[in-house]
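A.B. asks: Sequence:
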Amino acid sequence: MARKKTETDGPIIIKKYANRRLYNTDTSSYVTLDHLAELVKEDRDFVVVDAKSGDEITRSVLAQIIFDKESKDSGSENMLPVSFLKQLISLYGEGMQQFVPNYLQASLETFMANQQKIQEQFSQPEPMKMFEEMTKQNMAMMQEGMKFFAGNMNKQPQKAAAPEEESKPQEKAEHDPQSEQISALQSQLAALQDQISKLGQ
1 MARKKTETDG PIIIKKYANR RLYNTDTSSY VTLDHLAELV KEDRDFVVVD
51 AKSGDEITRS VLAQIIFDKE SKDSGSENML PVSFLKQLIS LYGEGMQQFV
101 PNYLQASLET FMANQQKIQE QFSQPEPMKM FEEMTKQNMA MMQEGMKFFA
151 GNMNKQPQKA AAPEEESKPQ EKAEHDPQSE QISALQSQLA ALQDQISKLG
201 Q
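Under our numbering, think of the first position of the sequence shown as 1, with each following residue one higher.
Derived by calculation from the structure, the hints in this document are not laboratory data.
Treat the hints loosely; a few may be bogus.
[As the list claims (entries may be wrong)] Simulated restraints, written as ranges between beta carbons of each label pair:
(1) E109 - A18: 32 to 42 Å
(2) K117 - I13: 11 to 21 Å
(3) F84 - T27: 31 to 41 Å
(4) P101 - I13: 21 to 31 Å
Computed from a predicted model, the values in this text were never measured in an experiment.
Note that beta-carbon positions come from the ideal geometry of N, C-alpha and C, so glycine has one too.
Just need the whole structure built from these sequences, with the hints factored in.
C.D. replies: Here is the structure:
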């Protein structure tokens with residue numbers, strides 16, 4: 001039987017070889033992505049490294065686990081709607097990497113903390129009330145995060161005008177993709193809050 005790792009031992013090291021095989025250095029055995037998924041469910045910490053280069057590739061391997069589960073023929077286990085995936089993809093390269101990861105992590109942590117309550121709520125006459133309250137909390141948290149993010153953008157130092165340009169009339173504000181992205185997210189928030197209000201009626 002494999003020795004269970006303690007917190008003081010540090011994370012389990014998983015090596016990935018060129019043939020895509022995964023090797024658990026703690027148990028000295030080859031494992032599969034399903035085994036790694038079980039480690040995640042057991043809250044066992046592990047790190048995946050490329051056996052040749054030594055580079056850490058944990059993120060890409062975890063993403064592969066999600067991809068495999070979402071690609072199964074049966075849609076009963078799918079958790080990522082197509083619309084969500086499209087919205088997430090659209091945020092890449094838009095300067096949202098400072099905000100979106102923290103928001104998604106905080107939202108999921110809130111969901112996990114209330115998982116038992118959610119399961120209990122499904123047995124109640126009005127199960128949507130729990131989701132309505134959680135969604136409101138997430139929307140409030142996202143709004144606060146967006147205000148903070150937008151505030152930091154506005155505080156960014158602006159370039160000083162050259163002496164010969166000081167007397168020129170102020171030119172029209174430049175196109176700012178990040179500000180437009182934030183405005184779009186705020187509009188989506190308003191629409192979501194309207195839908196939430198209708199659910200409670």
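A.B. asks: Confirm or reject each hint.
C.D. replies: Against the structure, the hints:
no.: 1; hint: E109 - A18: 32 to 42 Å; result: holds (36 Å)
no.: 2; hint: K117 - I13: 11 to 21 Å; result: violated (36 Å)
no.: 3; hint: F84 - T27: 31 to 41 Å; result: holds (36 Å)
no.: 4; hint: P101 - I13: 21 to 31 Å; result: holds (25 Å)
Going down the numbered hints, you'll see the structure goes against just number 2.
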